[in-house]
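Visitor: Sequence:
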Amino acid sequence: KQWALAEAVITAGPDAVMLYADESRVQTLPVLRAMWQWLGQQTRIPTPGSNTARAIFGALNIRTGQWHYQVRQRMRKEDFIAFLEYLLSEYPAQPIILIVDNYSSHTARDVAAWVAEQPYLHLHFLPKYCSHLNPVEAIWLQMKGQIAANRLYGSIKGVIEAVDTFFARMTPAQALTWAGAEK
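Numbering (my numbering), first residue to last: -6 to 176.
Derived by calculation from the structure, the hints in this document are not laboratory data. Just so you know, not all the hints are guaranteed correct.
[Unchecked claim] Restraint ranges, calculated between C-beta atoms of paired labels, are given here:
#1 Q66 to W31: 38 to 46 Å
#2 Q34 to Y113: 51 to 59 Å
#3 Q135 to Q66: 18 to 26 Å
#4 Q63 to R102: 16 to 24 Å
[Stated by the list, open to error] SDA-like mimics (lysine to any residue), calculated; alpha carbons at most 20 Å apart, straight line:
#5 K137 to S148
#6 K(-6) to P128
#7 K137 to Q63
#8 K70 to W107
#9 K(-6) to L126
#10 K70 to H115
#11 K(-6) to M11
#12 K70 to A106
#13 K70 to R47
#14 K70 to V24
#15 K(-6) to K121
#16 K150 to A48
#17 K137 to A48
#18 K137 to M68
#19 K137 to S17
#20 K137 to T158
#21 K(-6) to Y122
#22 K70 to L80
#23 K137 to T45
#24 K150 to K(-6)
#25 K150 to A46
#26 K137 to V24
#27 K70 to F118
#28 K70 to V104
#29 K150 to I49
#30 K137 to E154
#31 K150 to M68
#32 K137 to G173
#33 K137 to R47
Ideal Cβ placement from N, Cα and C applies to all residues, glycine included.
Please take these sequences and the hints and turn them into a complete structure.
Guide: What follows is the structure, given as structure tokens:
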């Protein structure tokens, strides 16, 4: 699979857009991580009465550091297709090489049929169990560490606002550095 990716990149030419994509989930229930606290004084993190979650689809242009994302209700195949439509609108009439993992919404028959009808979109899959090869994972780690870890928001709207603020402040250079692909 890695050779097929390399061949796709070489044959696509310099005008092709190279995107790595993945999805993550944010929720009102705080992610608990190790943190500093005074000896003998345990930090208390409040929790909501119920947990609400949203899916975030994200794609990193590995050549420019441009970040694209979309918040959806779920991570279903229909949501993935909606994200692909968004990416096509961002790069009209440019060949897109999109590299994803083997998550079920990426490999669904409906997705494959939809992608087959898109002349500019070429979907490539990472080897199974190799999510560490996807640089988007590092961006999710930064996002969750900065906005989700040990924090309670009053609502899912507050969580999404924090996500929007995080991505608005993230520069292309930061994205490439976090992804380990800085120029």
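Visitor: Are the Cα positions of K70 and H115 separated by 20 Å at most?
Guide: This hinted pair holds, its Cα atoms lying about 17 Å apart.
Visitor: Verify the proposed pairing of K150 with I49, using a straight-line Cα cut of 20 Å.
Guide: With Cα atoms ~13 Å apart, K150 and I49 stay inside 20 Å; holds.
Visitor: Would the pair K150 and M68 pass a check requiring their Cα atoms to be no farther apart than 20 Å?
Guide: Since the Cα atoms of K150 and M68 sit roughly 18 Å apart, the hinted pair holds (cutoff 20 Å).
Visitor: Between K137 and Q63, is the straight-line Cα distance small enough, at 20 Å or below?
Guide: 16 Å, holds
Visitor: Please test the hint of 38 to 46 Å on the beta carbon pair from Q66 and W31.
Guide: 40 Å, holds
Visitor: Is the hinted pair K70 and A106 satisfied, with a Cα-Cα distance of at most 20 Å?
Guide: 12 Å, holds
Visitor: Given the hint that K137 pairs with R47, does the C-alpha gap stay at or below 20 Å?
Guide: 13 Å, holds
Visitor: Given the hinted pair K150 and A48, is their alpha-carbon gap at most 20 Å?
Guide: OK: K150 and A48 at ~13 Å, within 20 Å.
Visitor: Take a quick look at whether K137 and S17 sit within 20 Å of each other, Cα to Cα.
Guide: With a Cα-Cα distance of about 10 Å, the restraint between K137 and S17 holds, given a limit of 20 Å.
Visitor: Holds or violated: are the alpha carbons of K137 and G173 at most 20 Å from each other?
Guide: 18 Å, holds
Visitor: In this structure, is the beta-carbon distance linking Q63 and R102 contained in 16 to 24 Å?
Guide: Holds, at about 22 Å.
Visitor: Is 18 to 26 Å right for how far apart the beta carbons of Q135 and Q66 are?
Guide: Holds - the Cβ-Cβ distance for Q135 and Q66, about 24 Å, lies within 18 to 26 Å.
Comparing the model with each numbered hint stated earlier shows that hints 14 and 24 do not hold.
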